[in-house]
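A.B. asks: Protein chains in written order, with the working numbering: chain B, 1 to 289; chain Y, 1 to 307.
Treat the hints loosely; a few may be bogus.
Stretch-level coverage of chain Y by chain B, calculated; a stretch enters the list once three of its residues show a Cβ under 8 Å from a Cβ in chain B [stated by the list, open to error]: (1) 13-24; (2) 134-141; (3) 259-270; (4) 277-289.
Residues from chain Y that keep clear of chain B, each with C-beta distances beyond 12 Å, as calculated [what the hints assert, rightly or not]: (5) 6; (6) 57; (7) 84; (8) 94; (9) 210; (10) 296.
Please keep in mind that the hints were generated in silico from the structure rather than gathered at the bench.
Predicted model, so just to flag it, every value in this text is computed and none were measured.
Even glycine gets a Cβ: it sits at the ideal position worked out from N, Cα and C.
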Amino acid sequence: MSASSQTVPFTARRQALARFAANRSAVVGLGLLALIALLAILIPILWPHGLEEAGLEHASQPPSLTDFHWFGTDANGRDLFVRVFYGARISLAIGLIATAIALAIGVVWGAVAGWFGGLTDLLMMRFVDVLYAVPLLFLVIVLVTVLGNNVFLIFAAIGAVEWLTMARIVRGQTIAIRNREYIDSARAVDLPTPRILSRYVIPNVIGPVIVYSTLLIPVNIIVESSLSFLGLGVQEPLTSWGLLINQGAPQLDSAPWILAAPATLLAITMLAFNAVGDGLRDALDPQGR
Amino acid sequence: MGGYILKRLLIGVPTLFIIITASFFLMRSAPGGPFDAEVDLDPAVKANLEATYGLDLPVSGQYVRFLGALSHFDFGPSTTYPDRSVGELISDGLPVTLRLGLTAKALAAALGMTAGIVAARNRNGPIDAAVMGAASLGIALPNFVVAPALTLVFGVYLHLLPVAGWGDGSARYWILPVIALALPQIAAIARIMRGAMLEILSADYVRTARAKGMPENRVLWRHVMRAAFLPVMTYLGPAAAAVVTGSVIVEQLFGLPGIGRFFVQGAMNRDYSLVMGIVILYATVLILLNLLVDIAYGWLDPRARVK
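Between the sequences and the hints, there should be enough to build the whole structure, so can you do that?
C.D. replies: Here is the structure:
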């Protein structure tokens, strides 16, 4: 009993978990993200001020604790606290969904290219090379112009553009494990290829994929914010951090809090995602340091 | 080496062709045309305008026409800026964007590498912590947050620098845009440089160099820096794209007359030829930069040299 309880905890997964838990900034980052997500869910429901509750008599009012305008109000007198956390919903959702799309396309693309090799690999990776030569923000701008200003299409457009590095990572990993013994035995018992890929190849390349995904989420949030900042992304009455920053920038000298509220929350989120991503990388790949 | 470069350039041609074709048809599949913005445009006037720009042809015909013009570097007329050709707009905007981008890049490389070296040499000390903390912040704060904050401090409060615009193009007008563009890259390069330095400092050949009594400074300059520069190089090439896309936002923010701004306006107004011209330009620059990175890689790292 005691002998087995000493050996069991040292599985690779538990070791990785222990390494992650020992990384203070990563744990703090994870906690902050959980907090922001929770507030994004609860604040728009519970806050005494509504999202569109305008009132010119208290327009551009500085932050105050007394009347629940903790982050102040914008030029239309709308409460920024509720708007910032409502924006968090959209920004986080776009970050997560766009990353999920990039993940899905990139993993399948890379695994197929790496697995089959030869001409398939050559053609598929040339395609990736071609797309690499297009500045991504440009491609997203063109896609958004083509698809129109629909939030869900913005998710899709960002995800459809950001999968390239994922495909390269997965392809490299797939090639590295293609000739391992357990893959040979899976082939020997005549498992169909899609099953070998989904059951043996993809789970074994997943470490770097998780790390890269965690680091891709903040990138996607920034892409969305940049688009919304340029006026090409999320449109009123919806709002996102980029759009809030866009609305705050012109009043920076008279009402700096309108910019400061979404910008601070965006910055904290970026820092937290990066800390978690770095922590995961160190935990999953201890030699990589 | 010459053969390799030639081969890479030849691969670049079909790449560019695919990009041109794909973005051409992508742009045309967008709903709305360049003359839909004017609300009450008379149908006859609109038809006339479209005929002037060749937009009455079927898309395949437009494509052939476009390729024909492109073969002698004619990007066609802009519909957003009547009377100006896309070529003229690009040659007006390019110097601004290049000046902004290259200055920011040089600044980022110099400051970022220095910060990374300093941090690595003080590993786990307070200086390291401070530099890396600042770098994390630099990566976390996007251009469009940094730029207004800089404007507020240096332009509005301190009255040291102009708030926006290009003015006479003198240095005062581009200090803030350059800093706003360079900051995230300084941060990224500092992190990469630090990581690379730490890895190489523990390499066998560095231990050998030290063991044979080579002075520390010489070890650093001769062995460590040369190898640590490689990952920075890899970053710098594609980061040219980041300068380009970052410049879209910075140009918009500071109201600078560069091509990034033309691109956003072009995309908003369905100015097909303007958008196409800029996409082609950037794709070409990117392909050439990636080639340059690979060549420089071979030059710095004999292991990566192509046989």
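A.B. asks: State for each hint whether it applies.
C.D. replies: Results of checking the hints against the structure:
{"no.": "1", "hint": "13-24", "result": "holds (count 5)"}
{"no.": "2", "hint": "134-141", "result": "holds (count 5)"}
{"no.": "3", "hint": "259-270", "result": "holds (count 5)"}
{"no.": "4", "hint": "277-289", "result": "holds (count 6)"}
{"no.": "5", "hint": "6", "result": "holds, 18 Å"}
{"no.": "6", "hint": "57", "result": "holds, 20 Å"}
{"no.": "7", "hint": "84", "result": "holds, 21 Å"}
{"no.": "8", "hint": "94", "result": "holds, 15 Å"}
{"no.": "9", "hint": "210", "result": "holds, 21 Å"}
{"no.": "10", "hint": "296", "result": "holds, 18 Å"}
In this structure, every one of the numbered hints holds.
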